[in-house]
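Quick note: the sequence shown uses the working numbering, first residue 1, plus one each step.
Each hint should be verified, as a subset may be incorrect.
[Claimed, not checked] Listed below are the simulated DSSO-like cross-link pairs for lysine-lysine, each with C-alpha atoms no more than 30 Å apart in a straight line:
| hint | residue 1 | residue 2 |
| --- | --- | --- |
| 1 | Lys150 | Lys258 |
| 2 | Lys217 | Lys42 |
| 3 | Lys111 | Lys42 |
| 4 | Lys217 | Lys150 |
| 5 | Lys150 | Lys43 |
| 6 | Lys56 | Lys111 |
| 7 | Lys171 | Lys150 |
Worth flagging that the hints you see were computed from the coordinates, not collected in a lab.
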Amino acid sequence: MTSATKSVPDEQGRFGEFGRRFVPETLMAALDQLSEEYERAKKDPDFQSQLDHLLKTYVGRASPLYFAERLTEHCGGAKIFFKREDLNHTGAHKINNTIGQALLTLRMGKKRVIAETGAGQHGVATATACARFGLDCVVYMGEEDIRRQKLNVFLMRNMGAEVRGVSSGSKTLRDAINEAMRDWMGSVDTTHYILGSVVGPHPFPVIVRDFQSVIGKETREQCIESLDRLPDEIVACVGGGSNAAGMFYPFVEDYDVKLTGVEAGGRGSKPGDHASTLTYGAPGILHGSYSYVMQNEDGQTEDVHSISAGLDYPGVGPEHSYWKDSGRVQYTVAQDDEALATFQLVAKLEGILPAIESSHAVAHAMKAAKERSKDEVVVVCLSGRGDKDINEVARLTEMDV
């Protein structure tokens, strides 16, 4: 239980047995360049000062820690707080990472950026950062996700990004990452790939985790300042796992704080009906990294399903696999119908539309709060806002927009 440490990964990108690089030779030089530039940037006070300034004046940090009083009364147990990443510029936590990686792009002297996106929030955040710094931007997105996330496609195009639809496979996030990787192999000398989650080959998992750790650092400081204590439990949704990694990492060695990741339980436990990689998957290689993967008996990547485009992914970041096997983080699931009901409940009780991704986390937090005393505290990372999901929610609930 207490074996997990913050001192990972090692120089080869290993989180225990997970992580590392499994990529074509053509990408090794670019990954080495990115590792070296990131190590220099971390030690450069000007880089950190510029990043902190942009997070404050452009992103709008620090995001509030909000007491969800009516939801707490509804559940009747522990106090529920929301870490309001939905109030960031562009409406999600994704902007924390894209601003940092855009600054790295400039330091490496590259002018073109590519990205992948599922729910569209990482695509919007990448398009936003590229517009801010004058970088060319191409975003790969599965055609099924383009259908589900029309608003975000509109936003990306208006900020000057080219959105390239992907029609292969399940037409979702996995396929968008495949196409982005193919582009990068052919353009690596002039292009930086801003990966949006804690997945992929080293050093992406550690870079994204570090840029997202501002979420957990602020939460830690805000809990001590307003509650004079750390929370009893922290909950975050997990697809690739970037918001959860950023939220959990600063608490990893606070062993009295329970950490819970909530995966997409979809329609049920049958293969193809969910996207619960850590719950039902097995170790394997996907998108350049060794981690838990949804795969069939032949070792081929399994199709997955979620009501949420942002959680509809058959892999997960290697640090989450490390946390799972060490027992430091508990992983569970929330199904489509639970997330949809929670989306509507939070809207009615708190006047907040949580992203469908975040609704999975809130659904579990409500159960956790009911099992705890009124003196205890549960904090949920509200990773994004639900405006982008209104068309899909309206379709599923047969309501008009």
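Against the structure, the hints:
Distance check on the hinted pair: Lys150 and Lys258 sit about 37 Å apart at the alpha-carbon level, beyond 30 Å; violated. A distance of roughly 17 Å separates the Cα atoms of Lys217 and Lys42; the hinted pair therefore holds under the 30 Å criterion. Proximity of Lys111 to Lys42 is assessed by CA-CA distance (about 21 Å); at most 30 Å being required, the pair is judged to hold. For a cut-off of 30 Å, the pair hint linking Lys217 to Lys150 is broken: about 33 Å separates their Cα positions.
Simply put, Lys150 and Lys43 have alpha-carbon atoms about 40 Å apart, too far for the 30 Å limit, and the pair is violated. Straight-line distance between C-alpha atoms of Lys56 and Lys111 comes to about 25 Å, which keeps the hinted pair within the 30 Å bound. Under the criterion of a C-alpha separation no larger than 30 Å, the hint pairing Lys171 with Lys150 is consistent with the structure, at around 15 Å.
In this structure, the earlier hints numbered 1, 4, 5 are contradicted, and the remaining ones agree with it.
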